[in-house]
Amino acid sequence: MLSTLRIENSPFNEQQLKQLQSSIGALDPAQSQWLSGYLAGRLAGPITADSTPQVQANAVLTIIYASETGNSEGIANQLLASLEQQGFRTELLAADNFRPAGLRKLKNVVFIISTHGEGDPPDAALDLFEYLESESAPRLPELNYRVLALGDRSYPLFCEAGRKLDERLQALGASAFGQRVECDVDYTVNAQKTVDEIILYAKDRLAGDAQTAKPGALGAGHLSLVLNESRWSRTQPFAAEVGQIQRITGTDSDKDVYHIELALDDSELRYEAGDALGVWAKNDPELVSRILAALQIGPSEIIHCNHTDMTVSKALTDHLEITRLTSDTVLAYAKAGSQDDLEVFFSGLAPDQQQLFISQRQLADLVDAYPAQFPAQILVEMLRPLAPRSYSIASSQNIVDEAAHLTVATFNSNASGTNRQGVASGFLNQRLKPGQQVRVFLEPNRRFRLPENPETPIIMIAAGTGIAPFRAFLQELESRASNPDSWLIFGNPHLRTDFLYQREFLHWRNTGLLNRIDTAWSRDQAEKRYVQDVVREQAVLIDQWLQRGAHLYLCGSLQMGQAVLDALQAALAVQRGIDTVQAAALLSDLRREKRIKKDLY
Amino acid sequence: MSKSIASNPVEGIKAASNFLRGTLQESLLDGATGTITDSDTQLSKFHGIYQQDDRDVRENRRRQKLEPDHSFMIRARVPGGICTAQQWLVLDTIATTWANHSLRLTTRQAFQYHGVLKRDLKSSIRAINDSLMDTLAACGDVNRNVMCTALPELSKLHTQVYQAAAGVSEHLTPNTRAYHEIWLDQKKLTDTQDNEPIYGDVYLPRKFKIAFAIPPHNDVDVLAHCLGFIATSHDGTLTGFTITVGGGMGATHGDPTTYPRLAEELGWCRPEQVNQVAEAIVTIQRDFGNRESRRHARFKYTVEKLGVAWIREELERRLGYTIETAQPYVFTRSGDDFGWKQSDDGLAHLLLFTQNGRLADTEFATQLTGMREIARIHKGDFRLTPNQNVVIANVSESQIPVINALAAKHGLDSYKQLSKLRLHSIACVALPTCGQAMAEAERYLPGLIDKIEQQLEKHDLLDQAITIRMTGCPNGCARPYLAEIGLVGKAPGRFNLHLGAAFDGTRLNRVILDNANETEILAALENLFDEYSNNRNTGEYFGDYFIRSHQQSPAEESKNV
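In order, the protein sequences belong to chains A and B.
Start counting the first sequence at 1; every next residue gets the next number (this note's numbering).
Start counting the second sequence at 1; every next residue gets the next number (this note's numbering).
Mixed in with the good hints there might be a few duds.
Stated by the list, open to error - List time: in silico DSBU-like cross-link candidates among lysine-lysine, alpha-carbon distance up to 35 Å:
(1) A:255 <-> B:122
(2) A:255 <-> B:65
(3) B:379 <-> A:528
(4) A:255 <-> A:107
(5) B:65 <-> A:433
(6) B:65 <-> B:305
(7) B:305 <-> A:528
Said to hold, decoys possible - Facing chain B, from chain A, some residues (calculated, C-beta under 10 Å):
(8) 177
(9) 490
(10) 496
(11) 498
(12) 502
(13) 506
(14) 515
(15) 519
By construction, these hints were calculated from the structure, which means they are not laboratory data.
It should be emphasised that the depicted structure is a prediction, and the values quoted were computed from it without experimental measurement.
Glycine included, C-beta positions come from ideal geometry on N, C-alpha and C.
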């Protein structure tokens, strides 16, 4: 529709058309809906022309966000809506859609930034970090800012990107108008609190500057559109009925991977290939019973959790994290149980050893290894709130309509010889039955979408369940008329049992939709072989595809992602006859141009 | 030479294959699938390799969104079934390293492996070639493994006949370099063109089978083959061969234009003429065989269509000389005669029973291990019989006790206790790996024999030799149409029951029950055993009795399959 807009049939000049087409084309359905409401609201309401988002200098507060999964963006939108509701002209910027040099002109900025991998900032913030960390970075004495950092305590270097940003801004002379906020995977409470504080700050300090817009000036219609972007959210998930639960690794595979089909009927949830689905799982009631029994806590004992009273059993099953430990939990457990040995031992570990310790254990393992006794309320308070798990959607709605497919590997931690399962994978793969419901919400991932140009070649590199979004991509391409060159590089232990969705990908290759499949079966020969080895072997072809403008997608574990990027850097260095530094710069360029897209976990 | 324009797709695949290369190299490198391409599956047969899948798990794999559980069957070509102890050890290593830990002895005296994954094909085939055997032409539209009577007590005659068999095998081996390039990584020769003077570039219309028999043993069922050579001798020295043509087992259910057929006598030739005769017959089939319809493409239909007299005339025209009239022969038996035998050179030979040719280690017997241990100490060689059994051949007097002890230790001497019926049983592989199978065979026949044995015991017939053969489909790998009791699979649990073949392999059986289940089969046999035990003449075989008492005339064959 948009591509048929021409100078002759529209009021725009060529450049405006170009900008419109590229920016509107990148919007997902919810965003388009928001924008149409916004424009309608602007026309209907008494907003003056100088509040146009493009006129940045007039905004009193700017929100800059960067994330890989969409959580930062969600909070940013929430903050924007709240500020606008209060009448503050607010500007919302994705970190990769903004020139960092513009920072000098801004006075009040909220940074919302997540941390990935080994304390890395998201790709979207690469330019910003490079700019701030360079020797020529300007002093920023005019800048008032606040950092809201997102992270996951079960990974090392929690909220590291936010911390770095905060420290760097301080060093450049900027002043924080509040403490850096660090949010764990369950960020809603902290985020809401921060939004409230920022609004107080705005009212307190910026009211004078906000005269151009009056509270509620945008009109109720607009606001309701903003706030109800989707009926369903993380805090108000949709109860999806489970259709099929089918194991898709071969009978004698060591991997336990399931294909799960969820019905989205009547939810009006619209997702795009590349998006993820958040899943609220429940802990295994049997595991909860065993933990409580070991701690000699009666399961029906009433405790206080989430501002309400409930049985400790319910709290552990529905509300608290018992499968992922944090350092804080370990130390709190040691303290509550007077386990001095554990405290001394754990505190004495190097950070990476601490990380290893907690990544291999669950609460039940602690309870088994360090028997203790303490009040139920103390137990409840040492545990993090249960957070939803996120799964890349393995389907395209153009093909599966009112459904979403997930690819879920049963996550096992086995340090103490017991076979402990992850909360969501155990819930989805083992405890849930077809016909039951699971609470889900959409997690848009605009950074992991098919290229805007339908003819751009794509290289998809996945290991294990990382293949999920690529199944969605292929379904999406199948439903379209366009047929860009596409290439799948997939790895798992064994060809015979572990090629997830093998029949489908072979079918796509047979029909010509998929041009090429290369595989790395790690345990099918004496030497281990991984997808990064394929990247090395296929350096010539990969370089050719990239020269033709291919976008390269990575999905799988963080380690796999890093190994592939390292292999790619080395391969490009050889192919193009450049040194490591130049190759690294080339890779950074590709990431900045959003031609390398990652969905790593 | 006339070359018909073929309409069946396999002919097109062969023609386009560049002497059997196709895209096998690329197929082997494709890591996304355990298969090779469809057209390569036709070509791989010429290299001795069949793509198969475990049919038991097909449906489950479909639900798991995985392709079928593909693996490959590899057949090693062993003319006359003879291999050395060293070669046996190599074959054993392949079985336990890349295949499913079993070694199968086929009804054509070849070795067969199952369950070899695509990634292990090359290693397996290379190992076979390193031990001076090969798999080329073990399957496909070419001359297959040449068979030869396994255990004549006359060692001199056997040696002469075996040499003739091995000579024909060598003479009819395809020339293409494709095999060496693909499996043995030998360099592509740029200066020489592939040339198949015997086969031409589309090879034969269908498989071609040759057997050598040494009367009075008809263990090879010589009349079941496209081309047969029945040895004639004088004072224990080979004088020549009576030539038979046009035998074959395969048929298609519900298609009366397909049928098993016994070979007819064509003439007689001297030993040194064998290669020329075989080549001329093969080229006649190459030029006149049916290339339109694969189910009508065997040489037996060419013989049926053109007549033996015409074939003989054409043969003599191609040879440039006339051949003599067939000499008479007498067979006394088919099947194998178990236990120790001594030959005229003073060496001993032990013929062991292996049920349906499967050597494996099970909870009951460690036969695969047993054969390995025998191979480690054995100074002679091994011979596979045409009935899925094995001979430990050329044993010196002093080794006999050692071999006896090992055979007993590993359950290889079961022939001492088993019923004559079981010792004369053959079953093809069928489910779950064979793509042709409509019913069980190898996995089912032993249990069915348990039940038939109870009937035989009741009628005091346990000592009577009766041949029983079962196949999962009508293609006839176990030569079921030459069994006194033949069972040909039609559907799961359903078989056609054939009765009345001659014990010496010179008369086909006929269909008695169509699509029968086990109860019906056992009921029919129960009645007949009852009659047979009461009414048979002295020494009368079960098949002969059936024909005498139940058929109007001892018709030569039944085309009603």
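How the hints compare with the structure:
Simply put, residue 255 of chain A and residue 122 of chain B have alpha-carbon atoms about 28 Å apart, close enough for the 35 Å limit, and the pair holds. For the suggested pair residue 255 of chain A and residue 65 of chain B, the alpha carbons sit about 15 Å apart, so the restraint of at most 35 Å is met. For the hint linking residue 379 of chain B to residue 528 of chain A, the alpha-carbon distance of about 42 Å lies beyond 35 Å, and the restraint is violated. This hinted pair does not check out: residue 255 of chain A and residue 107 of chain A have alpha carbons roughly 53 Å apart, beyond 35 Å.
For the proposed pair residue 65 of chain B and residue 433 of chain A, the alpha carbon gap of about 20 Å is at most 35 Å, so the pair holds. Pair hint residue 65 of chain B plus residue 305 of chain B does not hold up; C-alpha atoms about 48 Å apart against a cutoff of 35 Å. Of the supplied pair hints, the one linking residue 305 of chain B and residue 528 of chain A is violated, its CA atoms being roughly 59 Å apart against a limit of 35 Å. Given the 10 Å rule on beta carbons, the hint for residue 177 of chain A is violated: about 54 Å separates it from the nearest Cβ of chain B.
The interface hint given for residue 490 of chain A holds, since its Cβ lies 8 Å from the closest Cβ of chain B, which is under the 10 Å cut-off. Given the 10 Å rule on beta carbons, the hint for residue 496 of chain A holds: about 6 Å separates it from the nearest Cβ of chain B. A cut of 10 Å between beta carbons decides the hint on residue 498 of chain A: the least distance to chain B is about 9 Å, and the hint holds. Checking residue 502 of chain A against chain B by beta carbon gives a least distance of about 5 Å; that is within 10 Å, so the hint holds.
Hint on residue 506 of chain A holds. Least Cβ distance to chain B is approximately 6 Å, under the 10 Å limit. Nearest Cβ of chain B to the Cβ of residue 515 of chain A: about 12 Å, over the 10 Å cut. The hint is violated. With a least beta-carbon distance of about 4 Å to chain B, the hint placing residue 519 of chain A at the interface is held under the 10 Å criterion.
The structure is inconsistent with the numbered hints 3, 4, 6, 7, 8, 14, although it conforms to all the rest.
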